[in-house]
Amino acid sequence: MASTVVQVDKLTKKFPAPGGGEEFVVLDAVSLDVKEGEFASLVGPSGCGKSTLLNVIAGIEVENGGSVTVHPATESPDGAIHVGYVFQSARLLNWLTVEDNIRFALEAQGVPREQWRDRVTKYLEMVGLGGQEPNYPLNLSGGMQQRVAIARALAIEPDVLLMDEPFSHLDEITARKMRIDLMDILERAKTTILFVTHDLREAVYLSDDVYMMSTKPARIFRHVQVDLPRPRQPEDPRLFDMEKELVREFFSVLEQTQDQ
Amino acid sequence: MTMRLYMRLASMVTLVVVWWLASLLTPPEVLPSPYRILQTMGKILVELGPEGNTAFFHIGITLFRIVIAFVAAMLAGIGIGLAMGLRRTVEFSLMSLIPLFLTIPTILMVFLAVLWFGFSETGSLVAVMAVVTPFVTVNMAEGTKAMDKSLMDMGKAFKASKQMMLRKVYIPQLMPYLMSAFRYAFGMTWKIVALAETFGIKFGIGYMFFFWFESFDMEQVLAWVLLFVILMLIIEYGVIARFEQRAFAWRRTFSAAAL
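So the sequence lines, in the order shown, correspond to chains E and Y. Those letters in the first sequence? Residues 1 to 260, per our numbering, in order. Those letters in the second sequence? Residues 1 to 259, per our numbering, in order.
Pulled out of the complex, with its shape left as it was, chain E reads as follows (with noise of 0.2 angstroms):
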């Protein structure tokens, strides 16, 4: 039985309203649990405050009610919480090379100095950029920012790693090609995963546990895993036939809260 990795148990977020009016609940005592090795990821429509749990989690912001718990995973070496952050676009630093990008991240997080070059080294070549360390990220497409990303917060060896919609911003192919990758990437590197996407079949093919979310109030209202084996296929017949059933749960959700 794995480990519990996160935690996030009646988690309540409030914004206050602009104008000083009445309170905005962005999270609506949301529990869920992602336990070590697994692929968890959060589908729910724009706006629903998908974006607001990760943050929460990695620590951006702070909660107003409930609590996250981040479990340092069972092999962890120096007992300290890494959380590792990729979001919806990549936010490198372009007045730096790719590595020193990745060192950033490394030098954050206290990574011993005598690690780094190693550390970037591996990192940038699992996820495809072997080579990149002196170029700097105005230099590269998109798509290979957004690994840039990935490397970064693979770098440093996070108990969890949070992805909020990191393919949302790229074309379809090349969302398509760093999805298989990022299996891949993942086989090797063996970290926890919370995701967040608006894209049903991107979570059905990439997850082992799916959490679907509502907006008003934002709650999670199913948890449903997915019993396939990997490798996927992403034209797996199976994994349409989940995405269909899951986006009819989604619209008589919907319906209900809107006729309230």
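Worth flagging that the hints you see were computed from the coordinates, not collected in a lab. Accuracy of the hints is not assured; some may be wrong.
[To be verified] Here are the simulated distance ranges between beta carbons: (1) A17(E) - V90(Y): 22 to 32 angstroms; (2) L75(Y) - A29(E): 44 to 54 angstroms; (3) Q256(E) - S96(Y): 48 to 58 angstroms; (4) T257(E) - S96(Y): 46 to 56 angstroms; (5) P45(E) - T2(Y): 57 to 67 angstroms; (6) Q245(Y) - H71(E): 42 to 52 angstroms; (7) P112(E) - F56(Y): 52 to 62 angstroms.
This structure is a prediction, so every number in the text was calculated from the model and none was measured. Virtual Cβ for every residue (Gly too), placed ideally from N, Cα, C.
Dock chain Y against the given chain E, drawing on the hints supplied.
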């Protein structure tokens, strides 16, 4: 590249030729030829002038005044600008004062500063600060507000220290604003210092303009002007441009790997 160089040279040569042709048509007291000016310039650099000093003495004094005033105005502007960009209370309290300073004509500001603080180092320093600091402030405040919040969140997500954020996230983003403020501030500073010297602050290049202007010696006036221009061009292209090139190297590097 070479094309651009030729065009530049051609325009310079044209200017000198036009000047020379004009000097043929006017009496030398009004417009001496370029060659004569060059000769005079060489002379003031080595021979002792009316105050018993060579031009280097005046250059030194003017440069000293420029550097002091420039550094003071930049530091004040950066500090206030950052505070305005980061704190809304500071922004609101200073917002209405800045246009006031920005609209006062520069020459008037120099007059006032010299009247209030005398024909002294303080006079020119105050004049520079009154004109340059508000501009730098506005620039820095805008730069601070334009910083990319998504990069700040990235730094926060990876738990970067304050010091790391400043060095690797904030300052690089402020650099373009800092550089444009730097350029403008430098250009304004030397103009104001020269103006204040012309109004009567003892010694310096501006002081020499006025000295020779009063004795109707056009040759000397133009020689000093040319000297001043050359000096500022050296600083502009030799120091500032080079610094800029280094600071923004990341924007210009292209490599075959990206193709």
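That 22 to 32 angstroms hint for A17(E) and V90(Y) (C-beta), does it hold up? holds (26 angstroms)
Taking the CB of Q245(Y) and the CB of H71(E), does the distance hold inside 42 to 52 angstroms? holds (49 angstroms)
Quiz item: Within 57 to 67 angstroms or not, the Cβ separation of P45(E) and T2(Y)?
Solution: 59 angstroms Cβ-Cβ, so the 57 to 67 angstroms window holds.
Q.
The hint says 52 to 62 angstroms between P112(E) and F56(Y); measuring C-beta to C-beta, is that right?
A. With Cβ atoms ~55 angstroms apart, the hint holds.
query: Does the hinted range 48 to 58 angstroms hold for Q256(E) and S96(Y) at CB?
result: At 53 angstroms between Cβs, range holds.
Honestly, do L75(Y) and A29(E) meet the 44 to 54 angstroms range at C-beta? At 51 angstroms between Cβs, range holds.
### Query
Range hint 46 to 56 angstroms: satisfied by the CB atoms of T257(E) and S96(Y)?
Roughly 48 angstroms apart at Cβ, these two residues keep to the hinted range, so it holds.
Checked against the numbered hints above, the structure breaks none of them.
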